[in-house]
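*Asks:* Below, each chain spelled out in residue letters.
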Amino acid sequence: GENVEQHPSTLSVQEGDSAVIKCTYSDSASNYFPWYKQELGKGPQLIIDIRSNVGEKKDQRIAVTLNKTAKHFSLHITETQPEDSAVYFCAASSHYNTDKLIFGTGTRLQVFP
Amino acid sequence: DSGVTQTPKHLITATGQRVTLRCSPRSGDLSVYWYQQSLDQGLQFLIHYYNGEERAKGNILERFSAQQFPDLHSELNLSSLELGDSALYFCASSPLPLSGGGVHDTQYFGPGTRLTVL
Chain A
1 GENVEQHPST LSVQEGDSAV IKCTYSDSAS NYFPWYKQEL GKGPQLIIDI
51 RSNVGEKKDQ RIAVTLNKTA KHFSLHITET QPEDSAVYFC AASSHYNTDK
101 LIFGTGTRLQ VFP
Chain B
1 DSGVTQTPKH LITATGQRVT LRCSPRSGDL SVYWYQQSLD QGLQFLIHYY
51 NGEERAKGNI LERFSAQQFP DLHSELNLSS LELGDSALYF CASSPLPLSG
101 GGVHDTQYFG PGTRLTVL
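Protein chains in written order, with my numbering: chain A, 1 to 113; chain B, 1 to 118.
Warning: the hint list may mix true and false statements.
No farther apart than 27 Å at their CA atoms in a straight line, the calculated lysine-lysine pairs in the DSSO-like style are these [as the list claims (entries may be wrong)]:
| hint | chain 1 | residue 1 | chain 2 | residue 2 |
| --- | --- | --- | --- | --- |
| 1 | A | K58 | B | K9 |
| 2 | B | K9 | A | K57 |
| 3 | A | K57 | A | K22 |
| 4 | A | K42 | B | K9 |
| 5 | A | K71 | B | K9 |
| 6 | A | K68 | A | K42 |
| 7 | B | K9 | A | K37 |
| 8 | A | K37 | A | K71 |
| 9 | A | K68 | A | K57 |
Hint data in this document are derived by calculation from the structure and do not stem from the laboratory. The structure displayed is predicted, hence computed values, not measured ones.
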């Protein structure tokens with residue numbers, strides 16, 4: 001069945017360092033890959049997404065890369081700040097009749113000042 | 001603020017009871033998705049409604065049901081509640097119609113309803 005694996009489960013970095021979170025998906029028909037940030041007590045918030053027709057997308061300090069052949073995609077956060085501390089989820093979606101999202105298990109990122 | 005609202009924020013009830021969770025999508029959004037977030041299962045897709053019609057079911061128990069009303073708000077009904085149903089329940093909305101081959105649209109999540117079954 002559809003599955004998304006996410007690593008690492010926890011990540012601690014010093015403020016200013018970079019953080020990388022990796023995901024692998026199983027469904028080769030997946031063609032949309034969003035990343036969500038979830039802070040304590042809040043719902044997931046979309047931070048960046050990528051569609052299968054591009055290999056990389058950047059938005060200020062955040063970037064996502066996609067390797068369709070290997071079926072993996074990664075989130076890169078540069079110049080991390082304490083407010084980046086949260087749980088990050090990757091997801092994959094393919095549409096046959098629905099755009100349901102299959103989520104990874106989450107990465108808890110802690111940025112220490 | 002995503003523009004998606006969910007009520008109530010917290011719900012505490014007993015086993016065997018029935019509850020209703022409500023979701024109002026962003027203005028103009030036609031699709032509503034329900035997800036369950038638990039510690040051991042992560043974020044799991046439950047069900048998708050588009051413009052009042054059920055489009056897909058995920059890992060949704062038979063004790064659970066949902067509907068989307070003409071004003072596009074949606075309700076998730078959970079009955080015969082068990083301890084294991086304790087979780088966060090999120091709805092998400094997106095605007096574009098499905099085409100079976102079209103472009104995915106962003107799903108915007110609400111703040112969730114925390115359900116505790118005692």
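*Asks:* Of the hints given before, which are not true for this structure?
*Replies:* 1, 2, 5 and 6
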